[in-house]
Amino acid sequence: MLVVGLTGSIGMGKSTAAARFRARGISVFDADAEVHRLYAGPLSEEIERAFPGSVAGGVVDRGKLAAQLVADPHRFKDLEAIVHPRVHEAERRFLQDEKTHGAAMAVLEIPLFFEGGRDEHVDAIVVVTASPELQRERVLARAGMTDARFEAVVARQLPEAEKQSRADFIVDTNGPVENCNSQIDRIITKLLPLSATAYDKYWR
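Under the numbering used here, read the sequence shown as residues 1410 to 1613, first letter to last.
All clues stand as given, with none of them false.
Okay, derived cross-link-like pairs now, PhoX-like style, lysine-lysine, Cα gap no bigger than 25 Å in a straight line:
(1) Lys-1599 <-> Lys-1610
(2) Lys-1508 <-> Lys-1610
(3) Lys-1473 <-> Lys-1486
(4) Lys-1599 <-> Lys-1508
The calculated label-pair distances, taken between Cβ atoms and stated as ranges, are:
(5) Leu-1567 <-> Gln-1477: 20 to 26 Å
(6) Val-1586 <-> Thr-1509: 31 to 37 Å
(7) Ile-1579 <-> Glu-1529: 16 to 22 Å
(8) Pro-1541 <-> Ala-1428: 22 to 28 Å
Hints are computed from structural coordinates only; laboratory data are not their basis.
Every residue, glycine too, gets a C-beta built ideally from N, C-alpha and C.
Assemble the whole structure, with the sequences as input and the hints as a guide.
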């Protein structure tokens, strides 16, 4: 089974690209969705201990947590030490399930893919990109997003040029959704014949 990494900076169009993979019958693990699930209960107590005042009603308030992280960016490492192991466990379960069901390909949608040193864990890397202007417009349209929070997120991510240089495939999401979809379709055609070694090496 081919394991594909799908990544890109915030607001670049990962969700749009992931939706096309799913529409083509290829399962996608959404790391950010898993974080939301963990914030909704499983990790809330541990995060509250590490970041007092960040949890309300048993659920992590992402705005309050983000405010603490913006105020002290070094604490991102503390949060990652809590969250990342649980997300990695979920990724492994997802891939093992896909393998059991005979999938030819599965996708891991991971925002901090390169930053987390995940390059070797997949067979191919797809990076989505858009102009800085469109990226900012998309992100600031999100509920609760501020310039400071946006800048804090971007500061933790690799420069766009470096991400693209390390990609096997690049998807430009500046245009209409149909254009993104056609790019994904072409990439899938090129992915299918590739040698699949990452699963046996890292995910069994």
